[in-house]
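If you read the sequences in order, they're chains A, B and C.
Per our numbering, residue 1160 is the first one in the first sequence, and the count goes up by one each step.
Per our numbering, residue 28 is the first one in the second sequence, and the count goes up by one each step.
Per our numbering, residue 31 is the first one in the third sequence, and the count goes up by one each step.
Read the hints as simulated data drawn from the structure, not as lab findings.
There's no promise every hint is true.
What the hints assert, rightly or not - Restraint ranges, calculated between C-beta atoms of paired labels, are given here:
hint : chain 1 : residue 1 : chain 2 : residue 2 : range
1    : A       : 1172      : C       : 90        : 44 to 52 Å
2    : C       : 413       : B       : 254       : 54 to 62 Å
3    : B       : 43        : A       : 1229      : 54 to 62 Å
4    : A       : 1229      : C       : 80        : 54 to 62 Å
5    : B       : 91        : C       : 462       : 51 to 59 Å
6    : A       : 1229      : C       : 481       : 32 to 40 Å
7    : B       : 73        : C       : 87        : 35 to 43 Å
Predicted model, so just to flag it, every value in this text is computed and none were measured.
Glycine residues also receive a C-beta, built at the ideal position from the N, C-alpha and C atoms.
This is what each chain is made of:
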Amino acid sequence: MMQSIHCVVNGEPHDLLVHPLEPLLETLRVRLRMAGTKEGCSTGYCGACTVLLDGSPVNACLLLTVDADRHAITTIEGLARDGVLAAVQAAFVANSGLQCGYCTPGMILSASALLAVDRDPSEAAIRAAIAGNICRCTGYQSIVASVREAGQKIRAAGDAHDTPQPRPVIRSRA
Amino acid sequence: MIARPLEYFEPHFLEEALVVLDRFDGRARALAGGTRLVPELRTGLGDVEALVNLKRIAELHAVTAENGTLSIGALTTAAGLCADAAVLKDAPLLAYAASTLGSVQVRTLATLGGNICCGDPASDLTTALLALDATCCVASLASGERRIALEDLLVPGGADLRAGEVLTRILVPISRAVFAYRKMATRRGFEMALVAVAVALERAGTRVERVRIALAGAGPTCLRAPRSERRALDALAGPSDLDAVAALAADHDSAPQSDLRASALYRRQLIRVLTRRCLDDVRAVPS
Amino acid sequence: MSAPGSVIGATWPRGDGPAKATGSARYTADVPFDAALSGVVLRSPHAFARIRSIDITKARRLPGVHAIAYAGNVPSKPLDFSIKDQHLFPSDYARYLGEPVAAVAAETEAQARDAAAAIVVDYDPRTPVLTIEQARAHGAPLVHPDWRSYERRESAYLDGNVCGHNRIRRGDVDDALARSAHVVTSEFSFSAGLPGYIEPRCAVALAGADGALTVWCGSQSPYGNRDELAAFFELDPSKVRFINQYVGGAFGGKILMAPEWYAAALALQCDRPVRVAWSRHEDCMHAFPRAGGSAAFTSGADADGRLLAMRASFVFDTGAYIGYGSGCALIATMLASAPYRIPALDLEGTIVYTNKHIAGPVRAPGGPQANFAKEMHLDELAQAVGVDPLAFRLMNVWQDGDLSPAGQRLTSVSVRETLEKTAAAIGWGGSADSNHGRGIAAGWWFSACGTSQARVLVNADGRVRVVSGNPEMGTGAAAQGLPIIAADALGIDPASIEFALADTGDETPDDGAHGSISTFSAGQAVAMAAADARDQLLAHAESMLEARREDLELRDGRVVNSEVPSVGASFAELARAAGGSIQGQGASSGLPDPEIDESLLQGHAFAAWPAPSFIATAAEVEVDPETGGVHVLHIATAQDVGFAFNPAGVKGQIEGGAVQAMGWALCEELKYEDGALLNPDLKHYLLPTALDAPRITAIIVERPSDAGPRGMKGAGEPPVTTPAAAIGNAIRAACGTVPHTAPMTPERIWRAIQDR
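Bound-form chain A, shown alone (with noise of 0.2 Å):
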């Protein structure tokens, strides 16, 4: 009954035993210890859970672990490098897009996401990308503001971005 998976987790790999109905969100909080990740509805309609599956945004709370068997997961805390918070959590920090912080996490993966395929999004793309993330302290528009202002800095920064791209170490299966 209990499945045997290999996943990369922000960079790590991991094997896995897990039971087939146990979500990602499950094993990120209680497994492995993960707590950045929230749970704020378990049914896909907040977007607390939002983690990145090989840089697409999912609801960790719907995405069955064996599901993620061979793919690549980027949680909150795979984000920033050796302490150092990446371009968009320091938007985050400094545009006051942020207040409670529980959509926080969810609300940054988002971000970084349409970050890493569209470095100057419009207002009504950024707003599209985090439609999924409920967030009932700030209203949205620092948020907004976060998210352009964290473009620009990539931008800026040119080729050398630190938006990180998620990097399996796939073993081939037997």
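Here the structure of chain A is known, so what remains is to put chains B and C in place on it, guided by the hints.
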């Protein structure tokens, strides 16, 4: 998660899936994107004895264009539909409808087949496919593959699949139809439509050859609006008023229900308004 | 480079920002407990039922069960609310669908749920009271059949199903209406709404030897909760410890205990930590929503538009128990005629019980509801008079020296300024296409100051730490505001200050983060503690440097000679000279209550509003008349905060409040059928998304109060009180009509247009 005794299968080939589903004879559930099923698992699945995860079956993800037909694997995600070159070229209505579904996160997981089989009467993808004359390919161990028009497959609350059957591909005739898709909900995003309308219009020169009008939130399933379509053929040929076409869709082709979210009366109004606006949209596209 | 006095009023990044942006900030569900039991609650399936018996014997024997709490084994005294109508677990009646009847702790959640299902409760269902009309009907069934035997505070009103009543009266309203050139009557209704925090509630409790109890949670009022829990379970409060984590939003919904109660009750029956965590579904079921209800207004104006009289009456549905629900009716009557000069007033607020969820003090209780009704009513009166809505208001607004509805003489009145600034920001009077409109609304709000104590510590390594009982729930009032105040006194960068989350083990009692009080109470306490620390630093520097205090100043973490700055001592050196650390202490000194005229009041214990604030919002919308769809283009709010300690924090409250209010105004609605909540989830309870939220202009006005520290006025709640009304008025301007029901959904707007 409450761990329950359940058999779990991850077939890599369609045949394997069909064998398992046949064996469990209706007591197994097929798992596609999981956006509907996974939350249900938390609270229990009643008498389901097995879960068959279809995601590793490569042929269910394939999108190919051949002989005037676009074949879309049932496990193609909404995000995949938005980004696939063949879909964008040959069925742009479907790509557009997919882009309005849920949120970025949900689109990464939600599948075409899952949407159809959930049978939500306000499904964006199903509505778009109805306007595209889609045919569904359904496979089972017992009967091989059968083809059925999408509108004949839809029943209230789901798809009319027999035990052991799997929706494998959706076939869409390739055409150069111009389209319009309009959707109305209470908030401005991330919500199932109260009502949505899809219109696909095929022209040969200035002559209108085909019109398809499909409605979401207009009845117990997504549905076509045949009376409205027939009237539209004439109405779109010239500069005439499209209100009558829209009225047919709202008053005669629809059977909306009042529910938690909206009344039947208001749904009819939305059907009327969105149908007329979609018809205006397609008529305005230069030949 | 910082010097004392240069920090306050500037914009500083939050100290808790990096932790939240990296996912390392811990919320209650993130605190690791290796051996925690799972605590689960059994809920009544009936909206109203007599409980004949509860039998836990079978459940107690099931595998994994460590504790079961129910009326039979917890103290039987009522909870300490203004009316003692509620017990921890009911033994006589279940009064709302979902009311907790028992709680179970077991090794796993599955075992706990199985055991809860095995508890045998013998219910005798009764006909529930489900609406205000049913509650007030002659001969209505009683939600509390034994109400006459309930203890209550002297100021608490109770008569059958009516559990709150107040009135404010001045002059002769009937006479003034008879003399009015224009009289308009309007009625409104509003549904209950969720606080909508994104972090579902969670609490973990662990009982220790000799009466110790520790609770980990995210509470708006940890000291208040600690005291209440200790009193209820007859524990020594100094042995009961609430350790607050970061709070993922609260908005008034995390003041009353919920999972904390059940975790504690279960923990006291066993020796393991017990975690009670609501799922989102359960949180929606158990939240303390903003009260729904209705309002009726009749006002009269003279031919020019000067207001002569107003009669207003509110009824709120507080659900099955009073809890902290009485505030909305007291505040509504104080808001009903404000901020306008109206000589004759008759304002009434009533609260009724129904067999539904307990309403609570969601951000600005009564505020959005009262302003929605009042401001939309006034636009109708303005139209009858034939005057522009802004001009109508400016003709009637309070000025310095005017009297509040309770006869309080008003000072630092900035209504005109807030209205004019917000109108300018929205482009009032500018051209409008058809189906496009602008609306405006004004209000006022109270400031409050509770008790608060604080310590400001300078450690041996020179780092400064602020210890306050004020919990950080997201606004930044604590995590950002308090370090700013301390940094300002000590001349250092606020980002260098360590800020501790509230922990009652620190014994710095604080009344909590609610009611717009945080910066007042905790701010006063921290200011005093920082001044004390500063004094001690200077005293030690005097002796270490053999200098006089007048020659010394604080600069960048050192005390230096002003003339010769190279001569000085670091905070670290001074702390070591003090024996290891310097501890400054401080406490809030409260706010004096202004004089009011009690003869105007009946049953009103909340009519003296020290240092009141003023606020105005203007909104711009586009309406699609064929669908009723609304596109809110712009919300501009001008808020008088007296003095802005933390401008970034104020701006955050204005922007967040605008979108919360917009949600209440347009799409958020708790839907009930036969007492059952039909939409206890985020699929069908619609919170605004980034695609709904408009451009927001936040305008900070500073008209210092004569009572608050540095003239400040409370800031957290007013931003949700006016935008809904402004949006409603804008809709009316856009399409000629507006529903008188909140939320003004597209269907309701469309129907209003049809009925016009």
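Do the hints match the structure? See the list:
{"no.": "1", "hint": "1172/A x 90/C: 44 to 52 Å", "result": "46 Å, holds"}
{"no.": "2", "hint": "413/C x 254/B: 54 to 62 Å", "result": "44 Å, violated"}
{"no.": "3", "hint": "43/B x 1229/A: 54 to 62 Å", "result": "19 Å, violated"}
{"no.": "4", "hint": "1229/A x 80/C: 54 to 62 Å", "result": "58 Å, holds"}
{"no.": "5", "hint": "91/B x 462/C: 51 to 59 Å", "result": "53 Å, holds"}
{"no.": "6", "hint": "1229/A x 481/C: 32 to 40 Å", "result": "58 Å, violated"}
{"no.": "7", "hint": "73/B x 87/C: 35 to 43 Å", "result": "29 Å, violated"}
Of the numbered hints stated above, those contradicted by the structure are hints 2, 3, 6, 7, listed in ascending order.
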